[in-house]
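Sequences and hints are given; from them, build the entire structure.
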Amino acid sequence: MRSCRGIRTLKIFLKRPCQPLLLSLFPNGGIHPCVTLIKRARCSQNFEVNTSNNTPKVNFGEDAEPIFKPAKAVILTKMTRYEYEKTVCEGMTDNEFRNYLESKDSDYFGLLERHKNHYAALEVIRKALLDANIETRVIGRFGLDQKIIDWADVMFTAGGDGTYLQAANKFINTTKPLIGVNTDPERSEGNLCLPKENFAAFKFKPALDRLLNGDFGWKWRQRIQVTMSGRHINDDPIELHDQQLIFPEHRFTEHVWEDEQIRSLKNGRNQNGKRFPRRVLPCLALNEVFVGESLSSKVSYYEITTDSTRKHKQKSSGVTICTGTGSSSWHFHINHLTEKAVEEILSIANHVSGSDYPAQDKDMVDKITKTFNSSLRFDPSDPLMAYTIRDPIRNAVFSAERTGGFTKKIVIRSRMWDACLVIDGGMSFKFNDGAIATFEIAENQALRTVTMD
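Throughout the sequence shown, residue numbering follows my numbering, covering 69 to 521 in sequence.
Everything labelled a hint here was simulated from the structure, so no lab data went into it.
Honestly, I wouldn't trust all of these hints.
[As the list claims (entries may be wrong)] Below are the SDA-like pairs computed for lysine to any residue, each with C-alpha atoms no more than 25 Å apart in a straight line: (1) K408 - S443; (2) K273 - F284; (3) K438 - T406; (4) K195 - D283; (5) K238 - R149.
[Unchecked claim] Taking CB as the label site, the calculated pair distances span: (6) P345 - E257: 39 to 47 Å; (7) E181 - S443: 38 to 46 Å; (8) D283 - S415: 49 to 57 Å; (9) Y152 - W219: 25 to 33 Å; (10) S396 - N281: 24 to 32 Å; (11) D277 - D431: 26 to 34 Å; (12) D303 - M432: 38 to 46 Å; (13) L405 - F466: 22 to 30 Å.
For each residue, glycine too, the CB sits at the ideal point set by N, CA and C.
Take a look at the structure:
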């Protein structure tokens, strides 16, 4: 049994990613050419954030009176788990592939069934658009570039929230709508997609009818723009989804030389003593940005400033910065309280203060818990960010005046050796000692989505 990555594997995904049956035809290949192909695909996209306002080419009406009459649509389809495993195991026979999956307790037939279901759902979406006389193209994640975004009047994503975020990161300098359709409602929540109860992929026709009839509303989701200075601002980002297709032993070889380079430089300056320029990163965060050491077991060291706090040095497990869209995701799960925790806090308060808070009143505890947890979420259209310091270190040297809150601007200076700045869990940028990142809401880059409430 062998596990390898063929060069033609990525060539096929780059050119014709929506045809999974070709996976079985791939010959053997090497590892390093695959890495090169991924980098070439990434570099060829040339996404840049334009800070000026832009005007749509298509009339979408007003927020109160929406119009949806697209002539051309693109569907971005996810890579199924079956396709991913097939790509990782390229070169194996069918029996070897099944044995490999069984060796790690993966269900071969389950993966294959869900793979087929996804493409059946994708066909439902495609056919509905074609029946509505909308010219339609289907692309995979490697086919998403500025040309295809410019060509389309609207983009649909077929998958779950991960597929939607992949599109949103690169859906910039445009007011065209991005609409998510859940193709696996039983296994995916799809918070960023159309409501799965009524408008999952196999029920897409009624959703499209409502869109074409104007029976919906436009919803604008704010996004975070990151401006960075430092040695690596012009480096290509690492797409973490692509990184999974590369052998682990080849992922981090660059960090040894990179670390040596950084230690030889003065903080914030190049070899000529000049300050590094600033650059707006070529993608926007719809959910959140994570800043911290690449290896989660290492302590993250940095300086942080917000519009309501002074600059101070901190050590922690990293920082998350989210939008209103992301406030119900990672941010919520980091900060939310359980009923048990609230009950214990009330009991301790009674013991310390001699008060009689209703620690044993289940209804009251439930109400307090829900009230606090609800306060963590805020509207996706609000031009605000919420930040959280994860596991802050507090001792005689380091302190955390605040472990989180709402803000309109955050500045972080790295004091780390192998750190990353990750946008929506997908795009990773090097963020090592001396690099500075400024986080702000890009109100002119709000993402146009739909609501069917």
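Checking each numbered hint in turn, tell me which of them this model violates, lowest number first. Result: hints 11 and 12 break, sorted rising.
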